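2 protein chains.
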Amino acid sequence: MYKVKVYVTLRESVLDPQGTAVKQSLHTMNYQEVQDVRIGKYMELTIEKADRNIEEVVNELCTRLLANPVIEDYRYEIEECVAQ
Amino acid sequence: MYKVKVYVTLRESVLDPQGTAVKQSLHTMNYQEVQDVRIGKYMELTIEKADRNIEEVVNELCTRLLANPVIEDYRYEIEECVAQ
Numbered sequence: 001m002y003k004v005k006v007y008v009t010l011r012e013s014v015l016d017p018q019g020t021a022v023k024q025s026l027h028t029m030n031y032q033e034v035q036d037v038r039i040g041k042y043m044e045l046t047i048e049k050a051d052r053n054i055e056e057v058v059n060e061l062c063t064r065l066l067a068n069p070v071i072e073d074y075r076y077e078i079e080e081c082v083a084q
Numbered sequence: 001m002y003k004v005k006v007y008v009t010l011r012e013s014v015l016d017p018q019g020t021a022v023k024q025s026l027h028t029m030n031y032q033e034v035q036d037v038r039i040g041k042y043m044e045l046t047i048e049k050a051d052r053n054i055e056e057v058v059n060e061l062c063t064r065l066l067a068n069p070v071i072e073d074y075r076y077e078i079e080e081c082v083a084q
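Going down the list, the sequences are from chains A and B.
Sequential numbering of the first sequence, starting at 1, is according to UniProt numbering.
Sequential numbering of the second sequence, starting at 1, is according to UniProt numbering.
I should point out that these hints are in silico values taken from the structure, not numbers from a laboratory.
It should be emphasised that the depicted structure is a prediction, and the values quoted were computed from it without experimental measurement.
Some hints could be false.
If you only want the chain A side, here are some residues facing chain B, beta carbon under 10 Å, derived [to be verified]: (1) V14; (2) L15; (3) Y31; (4) E33; (5) V34; (6) Y42; (7) T46; (8) V57; (9) E60; (10) L61.
Simulated restraints on C-beta separations [stated by the list, open to error]: (11) B:S25 - A:V70: 16 to 22 Å; (12) B:A21 - A:E72: 15 to 21 Å; (13) A:S25 - B:E56: 16 to 22 Å; (14) A:P69 - B:R11: 17 to 23 Å; (15) B:E48 - A:L65: 36 to 42 Å; (16) A:N68 - B:R11: 14 to 20 Å; (17) B:Q32 - A:N30: 46 to 52 Å; (18) A:D36 - B:A21: 26 to 32 Å; (19) A:D36 - B:T63: 35 to 41 Å.
We treat Cβ as the ideally placed atom computed from N, Cα and C, and that holds for glycine.
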C-alpha cells in the first residue's frame with residue numbers, strides 16, 4: 001500500500017485571487033508583515049499496490065483529474081507502507 | 001524574509017465529502033486501486049521579518065484565519081530566505 005501526498009499549486013504566472021483575498025484579510029487583521037499568499041491544494045491518497053509502476057499511476061491521476069496542467073503545477077511524495 | 005508553507009487538513013474524525021467525490025471519480029475512471037482520498041489546503045506565505053517570533057505569528061494566522069481548529073489540523077514549515 002502507498003500513501004501519496006499530492007501538492008497542486010497555481011503556476012507562478014497565473015493570478016491567484018483567493019490568495020489575494022486572504023492577504024487582504026490578513027492586512028485588515030493587522031498582519032502587515034504578510035507580503036504574499038498563494039493558495040493551492042493538498043491531497044492524501046491511499047493507493048493499493050497494483051501491477052503498474054506507482055509513479056506512472058500518480059502522474060496519470062494528477063494530469064487526468066487532480067490538477068489542471070494548463071494553469072497548475074503538481075508535485076508528489078510517495079511513501080510505501082505495510083498494510084495492517 | 002520567511003517563506004512559510006502551511007498544510008491544513010480535515011481531522012481524521014471529520015467526513016470529507018470532497019475527497020469521497022474525487023475517489024468515486026477515480027473509480028469511474030478505472031483506478032480501482034485508489035482506496036482513499038482526503039483533500040486539504042496548501043498555502044505558501046511570504047512574511048517579512050518583524051519584532052515578533054515568526055512561529056508565534058504563524059500559529060496565530062493559522063488559528064485565526066487559515067484553519068478552523070474545530071474541524072481542521074494544521075502544520076507548517078518555515079524557511080528563512082535572504083531578501084533579493
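Here's how the hints hold up against the structure:
no., hint, result
1, V14, "violated (14 Å)"
2, L15, "violated (15 Å)"
3, Y31, "holds (6 Å)"
4, E33, "holds (4 Å)"
5, V34, "holds (5 Å)"
6, Y42, "holds (4 Å)"
7, T46, "holds (4 Å)"
8, V57, "holds (7 Å)"
9, E60, "holds (8 Å)"
10, L61, "holds (6 Å)"
11, B:S25 - A:V70: 16 to 22 Å, "holds (19 Å)"
12, B:A21 - A:E72: 15 to 21 Å, "holds (19 Å)"
13, A:S25 - B:E56: 16 to 22 Å, "holds (19 Å)"
14, A:P69 - B:R11: 17 to 23 Å, "violated (31 Å)"
15, B:E48 - A:L65: 36 to 42 Å, "holds (37 Å)"
16, A:N68 - B:R11: 14 to 20 Å, "violated (28 Å)"
17, B:Q32 - A:N30: 46 to 52 Å, "holds (50 Å)"
18, A:D36 - B:A21: 26 to 32 Å, "holds (31 Å)"
19, A:D36 - B:T63: 35 to 41 Å, "violated (21 Å)"
Consistency with the previously given hints fails for numbers 1, 2, 14, 16 and 19, ordered from lowest to highest.
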